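Whole structure, please, built from the sequences with the hints as guidance.
Residues per chain are reported as follows:
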Amino acid sequence: MIFLRQATQTIVHRVAFAAPVSAARSSPFCNAVASLATVAGSSVASPFHAASPAPCHSSAMPSRGFADAATVTTEQGGHSSPWKNFPMAPPDPIIGLTEAYLNDDFPQKVSFLSLRKNESDVGIFFRWVNVGVGAYRCDQGNPFVLPVVREAERELIKEELDHEYSGIAGCPNFVNLALRFVYGEDCVPLKEKRIAGVQTLSGTGGLRVFGEVLAQFGHKHIYVPNPTWGNHIPIFTNAGLEVKKYRYYDNATCTLDFEGLIEDMKGMPEGSCILLHACAHNPTGMDPTPEQWKEISRVAMEHNLLPFFDCAYQGFASGDARKDAAAVRMFVEDGHKIALVQSFSKNFGLYGQRIGALSVVADTPEEALRVQSQLKVHIRPSYSNPPRHGARIVGKILASEEKTNEFVEQCMGMAQRINSMRSKLREALESLGSTRSWDHITKQIGMFAYSGMSKEEVTALREKHHIYCTLDGRISMAGVTSNNVEYIARAIHDVTERK
Amino acid sequence: VLLPMHFTSRFRSITSIQHHTINENCKTNLNIFNKILSIIRLILPTINIFSSTKSVIKQTKNLSNPMFKVFSLNIALALLATSTNFSPITAFAMESSTATAAKSYLANIPEGPPDAILGIAEAFKSCTDENKVNVCVGAYRDSSGKPWILPSVRKAEERLLADPSVNKEYAPIAGDAKYVDLALGFAYGANADLSKIAGVQSLSGTGACRIGGHFLAKFVPKPEGMDKVPIYIPNPTWGNHMAIFRECGMDIRRYRYYDSSTNRLDYNGLLEDLKEAPNGSVILLHACAHNPTGCDPTMDQWKAISDLVKEKSHYVFFDSAYQGFASGDAEADASALRFFVNEGHNLVLAQSFAKNFGLYGERTGTLSVVCNTPEEKSAVMSQLKLIIRPMYSSPPIHGSSIVKTVLTDEALTKEYYENCKEMAERIRSMRVKLVDMLKSVGSTHDWSHVTEQIGMFAFTGMNSDMCDELTSKYSIFLTRDGRISLAGLNDGNIEYVAKAIHDVTDGKKIVT
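Chains as they are written, first to last, in this note's numbering: chain A, 1 to 499; chain B, 1001 to 1512.
Among the clues, some could well be false.
[Said to hold, decoys possible] Covered stretches of chain B, as calculated for chain A (at least 3 residues, CB under 8 angstroms): (1) 1169–1180; (2) 1238–1247; (3) 1357–1371.
Rather than coming from a laboratory, the hints here were simulated on the basis of the structure. Since the model is a prediction, treat every value here as computed from it, not as a measurement. Note that CB positions come from ideal geometry on N, CA and C, so glycine has one too.
Given below as structure tokens:
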């Protein structure tokens, strides 16, 4: 009995504080442990009690304080519910942030979400800032729908188009335009019609589909940079792959750990799939230089690695869509048979429309068709076919030169505002006399500033100053405005200058 | 002395260079190179390699053009290579690649099977016969064979566009909460206690089945001796069900549903199979207008099924794709679902707005789980979100915004119910007309099962050979299980279709 109790306690301890694994894998085990605890008659707290955090993504820490895990009761209701032993899952480390932020009932708050142009002078009064989710905000802190998107929608509604099913692979017109947008008109494989392409549910959907295809065709693992977007890990784990990491960022120097990256690439088994961020690495904002990309390409070729690009910020990173696609185009030119996921959430501001594309460069048109057929095999039992509306909008814009130019301009406008916020934040921090170096904030590219703040500092930022960013210290610069940049700088200075 | 087959095959393998390894400059040269070699390959068995190599080298000396000199030399080396199997020579002869030929994993990917239903729709599109008829995909068509946008839906869309506060922001993982509540109210009834029903927005019915499947596969206790959760799916069913639940890692089992000897519900078979299933299995039920058979249990039969499910502690999973669209009455179409909820089942429901709102391609639906307490609902919601986030992060908002706009407005909701009824009635009229037409063109079969069936489809009883004949001879595209989508029929084609069906079924059995 004692042995059983000790064993139970060890298991419970391991489960509760285990190294992060997919919750999907741990839950059935957790259920078994719960029943074991009952059998042993011990008073070990259920692993799903509010106190103990359930495992979650590896790039974010357990969400202690965020989760509101309630113990489940079965007093009410007739027969015992099948769901009574459910643990409360941890909230998503990124999206859960917005939920927590919305629940923050700090009394003096003024919702900055409701700030309109003429209320910008109340900026000094607001007290909470959401710099967690990577969604663009204009300088008034409001969501922004690109004017060219609105224009396209107005035209679409006049056309009185139906809502019929698109094919499993989605809208072919959209897919062709999307591929042309990233690969460029002069891309040889594209001209030779040997790139398999499908419409996907933005970036997440594309990553998941390709992950499942890799798993089906014998891949056991995938390599992602350390750190990476938090959702990469559960996506690929649920697809059936083991996620391994390669060195990417040197926290001490706040730069790319290029030697470590190359070394780790050389150590990867031949044929491994390596996930690369096409531009504006999330969360660090540190991208390889063109020379470094060249070397990465060479090593990948030498070791027969499969490059898998995640491209979520084309046009949005530097403001120049062609420049942002340079790494992808280089790899294709070098002869790699890349796979690529594109998201139109940020650059077109179409977040909630879930619009993206997955493409695979093949040897021949015939091979491309075969590959596409396999992508479709995984799409059909997942959601049958993709949503039309976003595809129509993007299609309308990219099909017209005039609209494409307008888009480029508006996208550049977003990128420029973000860059100006970077400079302002850094200036503000330096002028407050911060002893830390903040030049990485302006060195980094894209929507996020990887501040280098520790977990404790981030928590203090949240609890004391009501500024919500992810626990890895990633600040969404899009949430920074001319109204709140001073406030944010003061707050960051306050929590970091303690040391 | 030559060894014909051996040499030619090896020769072929070293001369067939994959173009992708060679840069543009060399490509044209290589084409010529390959062409010359292929000619040589033809005559190779009859010549002596060494002497031919010698003569080629001799010829090379006579050539004035340096490019041809290089070619000839390469040929000589290639010839030599076939005999010596000396790879540096081969490599040298093949030099012109700038990159190592990494073995493409893609080369081993076979062609995936075309989707049973959507594949046929694609075949219809590419068919050039002017008489072609599409009765395969379950999408509504008006009387001129065109897709129909419900007026209430169109109005809602215009309102959304005109509203400046509408943006394109991410929905939460679980979707638009207001939309979900309205959708659940539509299914469970205006008086349903939503505080105990965990609901998430989904990518129409498919997405809902996938989420629900993962959820049940994870949390339903496995029956003794099993390492997967079993799910019992009616036979026949919508083709995609199997693939979805298989991807969820469930053990697919079938229960008898349709008696093809009577073309009616195999009620006793159904009860027997559910009884034999291990206690605590998941049972998939079509809420109304069973796809493809159109045979629904009567209320009494539903009651008996509910009692048996309770006895066996089974879990119920309802798939509701046709509410409002089956009979024209949205409340009536939900009666089986609501009965089961009242009986206390903690059921799972997949809801689709593809057909009844005509929002097919916008992928609008919900997945819900009936819990006992708000705390349970909370826990279940969190787990559903864990399934959704690594699949597509959050659902698309356009379709849900339309449904929300309609169902929050009393006038629009009223108009919607009328639009839905209009669709259902046109379909029902086609059902009646088809049977009448079949009789009038001389068919002597008993088509009463078609008259009695409910929903969008007529499950004719034709076998796959008859269906193939309908397609190949008459360009009538239907699924090979004999299911006809009545929405694809109209006054313009119904006689043609009736005659064709009569032709392929005359003198043959439509019962087995």
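Here is what the structure says about each hint:
1. For a cut-off of 8 angstroms, the count of residues in the region 1169–1180 of chain B with a CB near a CB of chain A stands at 5, and the three-residue condition holds.
2. Three residues within the 8 angstroms Cβ limit are the bar, and the region 1238–1247 of chain B against chain A gives 5, so the coverage statement holds.
3. Against chain A, the region 1357–1371 of chain B contributes 8 residues with a C-beta closer than 8 angstroms to a partner C-beta. That satisfies the three-residue criterion, and the hint holds.
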